[in-house]
Amino acid sequence: MKLHTLFAAAVALFLSTEAAIAVEVKAAVLRIDYPSLLPISRYDLRPSDIGLAGAVLADEDNGTTGSFLGHTYKTTTRAVPPAEADSALEDMLTDGIRLIVIAARKEDLLRLTDRAAQNGALVFNATTPDNDLRSEGCRANLLHVAPSHGMMADTVAQFAVWKKWRNWFLISGSNPQDIALADAYRKAARKFGAKITEERSFEDTGGSRRTDSGHVLVQRQLPAFTQGAAEHDVVIAADETDYFARYLSYHLWTPRPVLGSGGLVPVTFHGAHEAWGATQFHTRFEGLTGRYIKAEDYNVWLALRIIGEAVTRTSSADPKTVRDYAISDEFELAAFKGQKVTFRDWNGQLRQPVLLYDGSITVSVSPQEGFLHQTSPLDTLGLDRPESGCTAFN
Amino acid sequence: MRHHFLATVLALLPAFPVMADKAFVSNERGNTISVVDTATWEVIHEFFAGNRPRGITASPDGTKIYVCASDDSLVRVFDAKTYEELPSLPSGPDPELFVLEQSGKRLYIANEDDNLVTVTDTDTRTVIAEVPVGVEPEGMGLSPDGKFVVNTSETTNMAHFISTDDYKIKHNVLVDQRPRYAQYSGDGKLLFVTSEIGGTVTVMDIAEDGTPTVKGKITFEVAGVQAEWLQPVGARVTSDGTRLFVALGPANRVAVVDAKTLEVLDYILVGQRVWQLGFTPDEKYLLTTNGNSNDITVIDVAKEKAIKSVQVGQQPWGVVVVK
Chain Y
0 MKLHTLFAAA VALFLSTEAA IAVEVKAAVL RIDYPSLLPI SRYDLRPSDI GLAGAVLADE
60 DNGTTGSFLG HTYKTTTRAV PPAEADSALE DMLTDGIRLI VIAARKEDLL RLTDRAAQNG
120 ALVFNATTPD NDLRSEGCRA NLLHVAPSHG MMADTVAQFA VWKKWRNWFL ISGSNPQDIA
180 LADAYRKAAR KFGAKITEER SFEDTGGSRR TDSGHVLVQR QLPAFTQGAA EHDVVIAADE
240 TDYFARYLSY HLWTPRPVLG SGGLVPVTFH GAHEAWGATQ FHTRFEGLTG RYIKAEDYNV
300 WLALRIIGEA VTRTSSADPK TVRDYAISDE FELAAFKGQK VTFRDWNGQL RQPVLLYDGS
360 ITVSVSPQEG FLHQTSPLDT LGLDRPESGC TAFN
Chain C
0 MRHHFLATVL ALLPAFPVMA DKAFVSNERG NTISVVDTAT WEVIHEFFAG NRPRGITASP
60 DGTKIYVCAS DDSLVRVFDA KTYEELPSLP SGPDPELFVL EQSGKRLYIA NEDDNLVTVT
120 DTDTRTVIAE VPVGVEPEGM GLSPDGKFVV NTSETTNMAH FISTDDYKIK HNVLVDQRPR
180 YAQYSGDGKL LFVTSEIGGT VTVMDIAEDG TPTVKGKITF EVAGVQAEWL QPVGARVTSD
240 GTRLFVALGP ANRVAVVDAK TLEVLDYILV GQRVWQLGFT PDEKYLLTTN GNSNDITVID
300 VAKEKAIKSV QVGQQPWGVV VVK
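These protein sequence lines map, in sequence, to chains Y and C. Just so you know, we're using numbering that gives the first Met the number 0 here: the first sequence kicks off at 0 and counts up by one. Just so you know, we're using numbering that gives the first Met the number 0 here: the second sequence kicks off at 0 and counts up by one.
Keep in mind that a hint or two might mislead.
Stated by the list, open to error - Covered by chain C, according to a simulated footprint, are these stretches of chain Y (three or more residues, beta-carbon under 8 Å):
1. 272–283
2. 326–335
To be verified - A short list of chain Y residues far from chain C (calculated; beta carbon distances all over 10 Å):
3. Asp43
4. Asp60
5. Ala87
6. Arg114
7. Asn118
8. Gly136
9. Ala139
10. Trp164
11. Ser173
12. Lys186
13. Thr204
14. Gly286
15. Arg312
16. Pro376
17. Pro385
Calculated directly from the structure, the hints in this document are not laboratory data. Note that this is a predicted model, so its numbers are computed, not measured. We put the beta carbon where it would ideally sit given N, CA and C, even for glycine.
Using the sequences and the hints, build the whole thing.
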């Protein structure tokens, strides 16, 4: 307490034009670690601090800004197996934390969000792309930093249509997440005037992904699987579970570009993204962690920066004040994506550009030129106001 | 006959030497400085300027060119006549933009990666002070009386007013997203801060003792250009205080603003991703660096029209013109 007062006094000395009101911002990141298979590429191995590292950088960034205003930031991070998620949340709530970033699958995210709501806590979705969470399944205390399936699929669709690659061969995986993603691609095709001329499902038989001879089998299987498809300009892959799409590019029967879960992939951020000042962001992140940034790190950082921005402008860390400010017209935030990011006040989704990444560079960024919207071109990506069934924000 | 006439004209030329100024343009990706003759608007030289050269300025007498070699983490110095490299100045890590005080002695440098403003003595080539500021410091503006240096921090979104007496921050003013540049009016009574992502210029009244008060914001609108792409970056005010020019980045335009009424009067179409601006010493011309089209645009200040573009090196960033 004494220290706090002292600090506030020190800050007041520096500050003349902004009223210094000491605010202590307590936030938390809760990551659920699900049992998972190895990724197809070693480059996609999950670092043990994935997501959580974004919180370390966000606390530094917010803390530097806060030092001029008398605001301090402390973010607690927890990574737990699914069975311990509920008790981890209870701990956070007991500690008085009311601003919580969650990286978990849909069912867990919803259960935790509803529990958090009982204590008036605000939750940020850092990873889950399900469209339903932005529609009927939305929650008033849940803001989505992660782009939805719809935004990702629309990103790919706009680029394909801009290229005049209108005829699509859609190949989807057989797991529920793959099926949900394939559905987003069908909607995107309808929305932007592309045509799915052929559709096939590549069964997940649980085979070995990474054996020394894996490529031998793939080289025989995939051409046969893609043989005899109707005329198409591109292959669109819907493989959220990451078991086949990465192999498609050089193993198709008919040589065509691959987009979606393989080939040219929509991502919210990646470690080689340089434009719009991102280089200095990478420098800070890499200095802290010694590794390249992953989308989860970026999303967690962004969620906490949203909190930081709301606190900076409102001098309050109250979850309701933060939420109301975030979804208001006043809110805007720079996020190394070339334009301000803001929230959709009908479903709590963050409006943001989505990058198209080929594994080494940013190839393009959607929304693409020429896709217009009466509110913001960013609203051409994902569920627009009339399309969303969300009522919790009314 | 015509030949003969031309020969006569040519023979006369040396008798009336044109006093040409020279524009020095830093090329961020090309790692060079292009030198442009402002009488002929031709590139007369290009030389290695260090790695990732960005902010560029000149000594008050115009004999030395200073450039932030961001990836070398130092300020490189060149002779404006011979282009010879002179001893470098320490800058702290990743210098991006800087401002030199009127006497030419102290250089105030924004260290983008380190949340610092470094103050370097150009005579002794030593660091005098390091001032902690907000996240990603960039814009640097010096009050005409030399008492305050203003730094803008791009992620903290503040203008920090640093006293040049004790290097302490005396005022912090929140502005819109990603403040890029700070520019005082010639009389020191106004300060303009551009916000790239916010799309605005915050205008502050500056009191006698240097205290800022936000007076208003300038916003931009161009028919046929998405509002998102109107991103204010570099700015310059004419010394008579009548006009403010604002580079609008990916909108490929420079806004002409009445610096008294703050009304936007016109938009001048220039090259792609217009970044920083620089006047010729007589203020007859304003040069713009256009990062994506690798050229500079020459604007006739009185006519408020673009008259020429000159191809320079890769990704031009900043420009300074010396006599």
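Here's how the hints hold up against the structure:
no., hint, in the structure
1, 272–283, "holds (count 4)"
2, 326–335, "holds (count 3)"
3, Asp43, "holds, 28 Å"
4, Asp60, "violated, 5 Å"
5, Ala87, "holds, 30 Å"
6, Arg114, "holds, 33 Å"
7, Asn118, "holds, 31 Å"
8, Gly136, "holds, 30 Å"
9, Ala139, "holds, 26 Å"
10, Trp164, "holds, 24 Å"
11, Ser173, "holds, 40 Å"
12, Lys186, "holds, 25 Å"
13, Thr204, "holds, 46 Å"
14, Gly286, "violated, 8 Å"
15, Arg312, "violated, 7 Å"
16, Pro376, "violated, 6 Å"
17, Pro385, "holds, 22 Å"
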